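Colleague: Each chain, letter by letter, is given below.
Protein chains: 2
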Amino acid sequence: MHTNPIKKWHQVVKNNDFQLLEDILDDSVIFYSPVVFTPQKGKKITLMYLSAVATLFNVDSFSYTHEIINKNMASLEFELELNGIHINGLDLITWNENQKITEFKVFVRPLQGLNALHEMMGISLKDKY
Amino acid sequence: MHTNPIKKWHQVVKNNDFQLLEDILDDSVIFYSPVVFTPQKGKKITLMYLSAVATLFNVDSFSYTHEIINKNMASLEFELELNGIHINGLDLITWNENQKITEFKVFVRPLQGLNALHEMMGISLKDKY
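Residue numbers (this note's numbering), protein chains in the order written: chain V, 166 to 294; chain W, 166 to 294.
Okay, derived cross-link-like pairs now, DSS-like style, lysine-lysine, Cα gap no bigger than 30 Å in a straight line:
| id | chain 1 | residue 1 | chain 2 | residue 2 |
| --- | --- | --- | --- | --- |
| 1 | V | LYS179 | W | LYS236 |
| 2 | V | LYS236 | W | LYS173 |
| 3 | V | LYS265 | W | LYS236 |
| 4 | V | LYS173 | V | LYS209 |
| 5 | W | LYS173 | W | LYS265 |
| 6 | V | LYS236 | W | LYS179 |
| 7 | W | LYS265 | V | LYS236 |
| 8 | V | LYS236 | W | LYS236 |
| 9 | W | LYS172 | W | LYS236 |
Stretch-level coverage of chain V by chain W, calculated; a stretch enters the list once three of its residues show a Cβ under 8 Å from a Cβ in chain W:
| id | stretch |
| --- | --- |
| 10 | 198-204 |
| 11 | 230-243 |
| 12 | 252-259 |
| 13 | 264-277 |
These are computed hints drawn from the structure, not numbers from a lab.
Quantities reported herein were computed from a predicted structural model and do not represent experimental measurements.
For each residue, glycine too, the CB sits at the ideal point set by N, CA and C.
Generate the whole structure from the sequences, applying the supplied hints.
Modeller: Below, the structure is given as structure tokens:
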């Protein structure tokens with residue numbers, strides 16, 4: 166088995182453990198939103214996005230459904246419902262030799278689900294900052 | 166190495182070889198569009214969608230950028246530009262013990278890219294059928 170930060174990422178999601186999240190993110194981590202093209206560079210802004218998402222996704226209907234992992238990348242598929250709208254998404258996570266996450270990219274389908282997430286994240290981020 | 170249909174899928178994309186595509190799809194294959202929630206069931210409709218997509222993606226700017234493969238699933242990330250709009254997508258492909266593709270799911274980000282693809286695919290599918 167390769168060492169990877171994915172088990173710890175699952176703990177972050179399960180326990181809303183943002184201290185652990187900070188531990189597993191590299192300082193130069195880049196977050197790629199499912200909505201916006203522009204990469205969000207750095208630990209601070211990545212923490213902001215991921216903690217907003219983690220809070221949103223902390224609903225009973227959320228679960229990871231499939232996972233494919235290799236030496237330095239993982240593809241984690243998830244499903245959830247937001248206000249009755251089905252969301253099917255995928256986290257594409259890359260890490261370095263220190264097992265620190267260097268890229269975190271989120272994809273969401275279908276279009277209706279992406280629009281719902283966009284709206285909810287806009288509200289959530291505005292509440293926090 | 167596990168046997169998988171991914172090398173053949175790359176040949177399909179490279180050569181627009183829809184005969185080969187038909188060979189590697191299982192009869193019960195399900196296509197999941199990045200736009201629409203409803204799964205598209207069966208070989209005929211999956212061929213229709215994938216050949217429309219393959220034609221659209223047959224542009225100089227298209228390339229697969231990362232690939233993660235395990236025993237029966239692959240996650241293939243791609244990038245392209247459509248009319249100056251950046252599209253970053255991912256094919257999540259599942260196959261059975263006969264190396265026939267049983268599920269083909271497409272994710273696209275960002276929102277602007279998904280909207281552009283939606284519009285272009287609508288035009289392309291209408292042209293064909």
